[in-house]
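2 protein chains.
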Amino acid sequence: MSGFKSDQYGTCTLTVKHACPIELTMHIIGGKWKGIILSLLSQSPMYYNAIRREIPGITQRILTLQLRDLEKDGIIKREETNDTPKKVLYYLTALGEDLAPILKSIEKWGNAYMSNQ
Amino acid sequence: MSGFKSDQYGTCTLTVKHACPIELTMHIIGGKWKGIILSLLSQSPMYYNAIRREIPGITQRILTLQLRDLEKDGIIKREETNDTPKKVLYYLTALGEDLAPILKSIEKWGNAYMSNQ
DNA sequence: CGGTATCCAAGTCGATACTG
DNA sequence: CAGTATCGACTTGGATACCG
Chain A
18 MSGFKSDQYG TCTLTVKHAC PIELTMHIIG GKWKGIILSL LSQSPMYYNA
68 IRREIPGITQ RILTLQLRDL EKDGIIKREE TNDTPKKVLY YLTALGEDLA
118 PILKSIEKWG NAYMSNQ
Chain Z
18 MSGFKSDQYG TCTLTVKHAC PIELTMHIIG GKWKGIILSL LSQSPMYYNA
68 IRREIPGITQ RILTLQLRDL EKDGIIKREE TNDTPKKVLY YLTALGEDLA
118 PILKSIEKWG NAYMSNQ
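Chains as they are written, first to last, in the numbering used here: chain A, 18 to 134; chain Z, 18 to 134.
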């Protein structure tokens with residue numbers, strides 16, 4: 018359905034054909050850690066290591082990959098400081114902000130689901 | 018993070034550890050076609066073949082797999098008729114109904130995203 | 001501090017053919 | 001009509017080590 022070429026560093030949405038808007042959105046926020054990353058950033062901008070500390074279990078490689086994906090898809094912005102060593106701040110774009118309430122409701126449903134078991 | 022056993026027919030949520038409610042929800046609705054399936058069923062109950070007709074490009078095997086997953090996770094119900102040949106009706110559970118507005122907003126965001134490109 | 005490079009395992013989907 | 005069975009391919013995530 019999506020006969021696309023992806024590279025080593027995740028899939029660039031622009032090269033992926035998504036006839037369906039639901040499929041498109043799910044592809045953008047559907048990475049294993051993207052939901053948590055976005056819900057963290059929806060509270061405030063964060064530096065790389067701060068995000069990492071908040072997500073125990075994620076490796077550097079994977080965190081970087083997911084951040085790159087989100088950046089490519091226009092959901093977050095990346096900003097380096099001039100310090101040495103440099104720090105990198107991540108924060109939501111306007112597009113990303115629009116996702117926040119959706120993530121919230123997803124989280125709420127998940128919580129309800131869990132207490133239902 | 019989720020050290021689980023999955024079988025040939027998809028993953029049973031009950032055996033998967035999801036510390037995070039977002040991750041849990043994404044895992045339940047994150048299959049490639051689950052969003053579309055759920056948004057179809059949110060309009061009305063449908064027979065297997067009707068669903069299949071509405072989703073060109075999905076194979077029987079994959080449709081069945083995704084339906085099984087959704088059933089296992091308590092999102093949809095499966096009901097056979099007594100006809101010959103039998104027909105199978107699928108419809109949302111209460112839990113599934115609660116997902117409908119979320120899917121709607123996901124679809125809306127996806128549409129806004131697409132016109133933004 | 002914030003990454004890359006390699007290599008590997010698991011998950012997920014698809015094509016195709018066949019069945020009660 | 002509504003599935004199963006087999007097999008193969010691609011995608012995604014993870015372990016580990018190293019770098020400017």
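FYI, nobody ran anything at the bench for these hints, they're computed from the structure.
Just to be clear, a hint being listed does not mean it is correct.
If chains are identical, the list can't say which one is meant, so a pair holds when it fits in one copy or spans any two.
Claimed, not checked - Below 27 angstroms or equal to it, Euclidean Cα-Cα: the simulated BS3-like pairs (lysine-lysine) are:
no., residue 1, residue 2
1, Lys94, Lys104
2, Lys125, Lys103
3, Lys89, Lys103
4, Lys104, Lys125
5, Lys104, Lys49
6, Lys121, Lys49
7, Lys104, Lys89
8, Lys121, Lys103
Remember, predicted model here, so these are calculated numbers, not experimental data.
Now the hints, each set against the structure:
For a Cα distance limit of 27 angstroms, the shortest separation of lysine 94 from lysine 104 inside one copy, 14 angstroms, qualifies, whereas the shortest one across copies, 50 angstroms, does not. In the homo-oligomer, the alpha carbons of lysine 125 and lysine 103 never lie at most 27 angstroms apart, since the shortest distance is 37 angstroms inside one protomer and 38 angstroms across protomers. Taking the shortest alpha-carbon separations for lysine 89 and lysine 103, only the intra-copy value of 21 angstroms comes in at or below 27 angstroms, while the best inter-copy value is 48 angstroms. Taking CA atoms no more than 27 angstroms apart as the test, lysine 104 paired with lysine 125 passes in neither setting, with 33 angstroms inside one copy and 35 angstroms between copies.
Taking the closest pair of Cα atoms, lysine 104 and lysine 49 come within 27 angstroms of each other only inside a single copy of the chain (25 angstroms); across copies the shortest separation is 36 angstroms, beyond that limit. Taking CA atoms no more than 27 angstroms apart as the test, lysine 121 paired with lysine 49 passes in both settings, with 17 angstroms inside one copy and 22 angstroms between copies. Taking the shortest alpha-carbon separations for lysine 104 and lysine 89, only the intra-copy value of 20 angstroms comes in at or below 27 angstroms, while the best inter-copy value is 45 angstroms. Taking the closest pair of Cα atoms, lysine 121 and lysine 103 never come within 27 angstroms of each other, the shortest separation being 32 angstroms inside a single copy and 41 angstroms across copies.
The structure fails hints 2, 4 and 8 (numbered hints given earlier, in ascending order).
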